[in-house]
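Protein chains in written order, with numbering that gives the first Met the number 0: chain C, 0 to 275; chain R, 0 to 392.
Please note that a few of the clues may not be correct.
Unchecked claim - Partial list, derived from the structure: chain R residues whose beta carbon lies under 8 Å from chain C: (1) 32; (2) 64; (3) 66; (4) 74; (5) 89; (6) 93; (7) 97; (8) 210; (9) 218; (10) 220; (11) 223; (12) 235; (13) 242.
Quick caveat, the hints were computed from the structure, so don't treat them as lab data. Beta carbons are placed, not taken as given, at the ideal position from N, Cα and C, and that holds for glycine.
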Amino acid sequence: MAKIPQKIIHNYLRHRKQFPHVWCPGCSNGIILGAIIRAIDELKYERDDVAMISGIGCSSRMPVYVDFNTLHTLHGRALAYATGVKMFKPEMKVIVITGDGDATAIGGNHFIHACRRNIDLTTIVVNNNIYGMTGGQYSPTTPTGDIATTSPYGNIDPVFDICKLALGAGATFVARTTAYHVIEAQSFIKQALEHKGFSIVEIMSACPVIYGRLNKKGDAPAMMREMKENALPLEKFDELAPEEKQGKYIRGIFKQEIFPEYTEKYAELVASLQRE
Amino acid sequence: MAKKEIKKNHQEMTLMQGNEAIARGALTAGLNFYAGYPITPSTEIAEILSAELPKRGGVFIQMEDEIAGISAVIGASLAGAKAMTATSGPGFSLMLEGIGFAKMAETPCVVVNVMRGGPSTGLPTSPSQSDIMQSRWGNHGDAPAIVLYPNSVKESFELTIRAINLAEKYRTCVVLLTDEVLAHMREMVELPDFKNIRIIDRIKPTIPPEWYRHYDENPKYRTPLASYGEGYRFHVTGLAHDLYGFPTNKADEIEIMMKRLRKKITHHIKDLVQIESFRMEDATTAIFAAGITSRAAKAAVKLARKSGKRVGLLRPLTIWPFPDEAVRKLLGSKKTVIVPELNQGQLSLEVKRVLGGIWNYENRKTRKIIEVRKTNGELITPVEILNAIKEVK
Ligand SMILES: Cc1ncc(C[n+]2csc(CCOP(=O)(O)OP(=O)(O)O)c2C)c(N)n1
Ligand code: SF4
Ligand SMILES: [Mg+2]
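With the hints as constraints, model all of the structure from the sequences given.
Here you go:
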């Protein structure tokens with residue numbers, strides 16, 4: 000297994016910002032932020048060129064800790080703010096951090112339209128299957144039957160498959176992994192950042208304190224183990240008999256495709272008008 | 000770049016629509032980013048800018064809804080753009096959370112609200128003045144507003160420039176109210192001499208990034224504002240924040256922030272408030288009217304004067320902050336104040352607030368406010384105001 004150097008993360012943290020951070024012990028948010036930082040470090044992006052933009056939620060608290068151009072917006076709206084930043088400064092690398100609720104409930108409209116435009120934003124959807132920040136109400140990805148504070152008898156809602164939603168809406172890089180598969184997460188994030196067009200990496204994340212507790216999932220290591228066992232690469236998933244697929248899901252890159260990118264198309268329009 | 004453009008159009012007489020004047024004014028002020036969602040009666044602003052901005056290297060983008068529109072505008076402004084969106088009542092309601100964010104995060108931007116009849120979908124192609132209070136109190140939380148309201152096509156041009164200037168100067172969201180009739184009517188306009196138009200740009204920081212603070216304690220002065228991608232790497236949040244922009248829940252830091260949001264407006268009332276006073280010197284009856292209704296009011300003043308009635312007009316060009324001092328000084332001594340408006344009494348509520356403080360037990364009996372209200376989609380006519388004047392004994 001590859002070694003994970005720790006000093007890198009320290010270098011990217013804001014030293015003026017007061018720690019400790021807001022996350023609970025055992026939360027996956029820190030692991031995911033670490034993977035993002037290491038991916039950016041490997042790509043050797045100038046910090047001045049990186050914008051990290053988030054909505055509202057536990058996961059959306061990431062930007063404040065890191066030394067980039069950072070923007071913590073409104074619940075669900077990160078992609079729309081990011082579209083403004085990217086359209087005005089297309090040379091910037093814009094990363095959007097959003098939760099399952101932030102991206103697909105309140106921000107669902109912005110999500111599908113950012114996918115459709117194929118604008119060059121890299122979106123990390125931290126999917127913990129719950130509204131963490133507000134204390135555990137069900138989200139569009141809370142598994143049917145699961146307990147949330149607003150579904151005390153078990154949730155009757157069908158769920159969104161976020162990657163399928165992104166594929167259907169036209170995103171050109173779509174991948175899923177988990178906080179347990181942190182090296183893979185780092186690699187997917189890196190590829191997503193290098194991808195020209197709208198890229199999304201859904202990262203399954205453990206919320207032991209709220210979702211885990213409500214659904215008797217055990218502690219953080221137990222939830223990690225569950226991710227290790229349930230998230231399978233496509234080949235392995237396909238080998239399973241239908242009854243074995245219960246509770247399992249696919250991790251991997253679902254799509255990586257070149258398609259005209261929105262800010263480039265806009266730049267072409269501007270250039271053609273100025274030539275006239 | 001903006002200046003070159005300006006010289007070309009130097010002082011033309013043109014037939015122009017109100018919405019077109021807003022688009023032209025915005026471009027003159029240096030607008031280089033527009034994001035929005037179409038809605039009658041504001042749509043021409045987006046249509047014109049979709050043709051003009053790309054030609055000048057600016058950005059036009061039609062978003063998926065108004066929430067996305069204001070969000071993209073704020074994002075672009077943080078990246079350094081002069082950014083604006085335009086809408087009408089229903090869209091303005093959707094934008095309010097974003098408007099509050101812009102005020103909280105002290106990010107310059109302009110929202111044009113072309114008022115139409117309401118509530119709800121209401122009367123899409125008829126005028127109203129029913130968002131006067133929404134533009135002030137609509138967003139949650141306690142933050143003051145800067146809201147301008149022209150009454151002609153020419154003034155739509157001028158006040159759009161002023162709105163963008165004030166947004167940059169005070170680092171806040173400035174609202175330009177107009178109404179359906181102003182927006183769609185055409186008038187001959189002699190555009191002002193562009194050499195004399197003052198364009199305000201934000202001050203860029205010159206200090207090293209380590210010293211940079213995104214906010215300043217002192218509300219009296221303009222503070223430098225860095226943009227994303229320029230080496231300052233600051234943080235912006237809608238949470239209560241300290242001077243660096245980092246979230247805080249320390250009472251003393253929140254106090255500083257809230258005070259600054261308020262005081263940067265209240266310290267600059269003279270700069271912000273603009274009024275027009277017409278035949279007020281010897282008037283015993285005064286009309287207080289804004290926007291499209293003030294034109295009928297002015298006509299009524301002229302008619303009344305012909306029959307020897309001493310009537311004058313006070314018109315706010317700045318609705319918020321409300322021109323308390325002008326109302327106090329110019330209306331406080333009048334026997335009768337007539338407030339015509341296309342709503343159920345929003346401006347008159349403010350007039351009563353201010354005058355209520357002056358009137359005492361003695362003079363209360365001899366003074367009164369006459370309200371002329373209309374909410375059926377039609378304009379208030381000069382004759383209707385004249386009839387109110389005739390009521391005055
Ligand atoms: C307009 C608005 N509605 C509701 C809220 C309350 N709220 C804050 S975070 C949140 C849910 C966040 O869930 P998710 O996006 O999944 O992020 P997580 O906390 O799980 O990381 C809600 C409902 C809000 N801040 N703003
Ligand atoms: S509530 Fe859940 S998602 Fe939020 S910080 Fe705690 S463990 Fe993490
Ligand atoms: Mg969540």
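Worksheet item: So which of those numbered hints doesn't the model satisfy?
Response: 5, 6, 8, 9, 10, 11 and 13
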